[in-house]
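Novice: Listed below, chain by chain, are the residues.
Protein chains: 2
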Amino acid sequence: MEERIYLSMLLSTYGSLLTEKQVNVMKLYYDDDLSMPEIAEINNTTRQAIHDLIKRCHKMLLGYEDKLKLVDKYNRNENIKKNLKDKLCILKSKISDENNAKLIDDIEKNINSL
Amino acid sequence: MEERIYLSMLLSTYGSLLTEKQVNVMKLYYDDDLSMPEIAEINNTTRQAIHDLIKRCHKMLLGYEDKLKLVDKYNRNENIKKNLKDKLCILKSKISDENNAKLIDDIEKNINSL
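Heads up: the sequence lines are chains A and B, in that order. Position one of the first sequence corresponds to residue 51 (this note's numbering), numbered consecutively onward. Position one of the second sequence corresponds to residue 51 (this note's numbering), numbered consecutively onward.
Hints are all accurate, no fakes.
Same chains, same label: a pair holds when it works inside one copy or across any pair of copies.
The calculated DSS-like cross-link candidates involving lysine-lysine, where the alpha carbons are at most 25 Å apart (straight line), are: (1) 105 x 77; (2) 142 x 131; (3) 131 x 119; (4) 159 x 131; (5) 71 x 109; (6) 109 x 77; (7) 105 x 71; (8) 152 x 137; (9) 152 x 132; (10) 159 x 142; (11) 137 x 159; (12) 142 x 132.
Note that these hints are calculated values from the structure, not bench results.
Using the sequences and the hints given, assemble the complete structure.
Specialist: So, in structure tokens, the structure goes:
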């Protein structure tokens, strides 16, 4: 996965463990693709301060993932869910009974809410 | 849910965010049901130090759950998975084709690995 996308995922997963200011700066950098001088200007601070904040938060996010592995689990579960839905699709194509087909639709909805 | 069980779940979910010593003390208190004086003796420290550590960790664990809601999500997902498996069981009881039944078994295995 591209690093910027990975960092965005870490940020949306662990953002609640950072301060509001940290999240704002990280979003401007990783989601909105702004440069450090641009973010410094918005926050009325120096490029160096923004650089340090991003570096510190980057380290914190990687540290949380190293310990909790939530992004890793999320990616693994998404693959399992895709696999599940493919199998349900095959099953549905083989079933003619309407009530059973409805039950499969219900099962798919449950999987989507996981 | 009983508080002690809930704290055990928080500890197994967020324990990686605590230090080894904090986890050890919390496990002795919440999982092994030892008293504070007993834990103090094992750790060669005072009852007050253990009391403070448990109080601090308790607050940290509740804080992590408040922000990440992983135990809440876990409980919700377990209910959805139970519901899914019940529906698969009904579906299987209505299907006579052996290949389709095998596909349902496969789907159930996938759900268990979520």
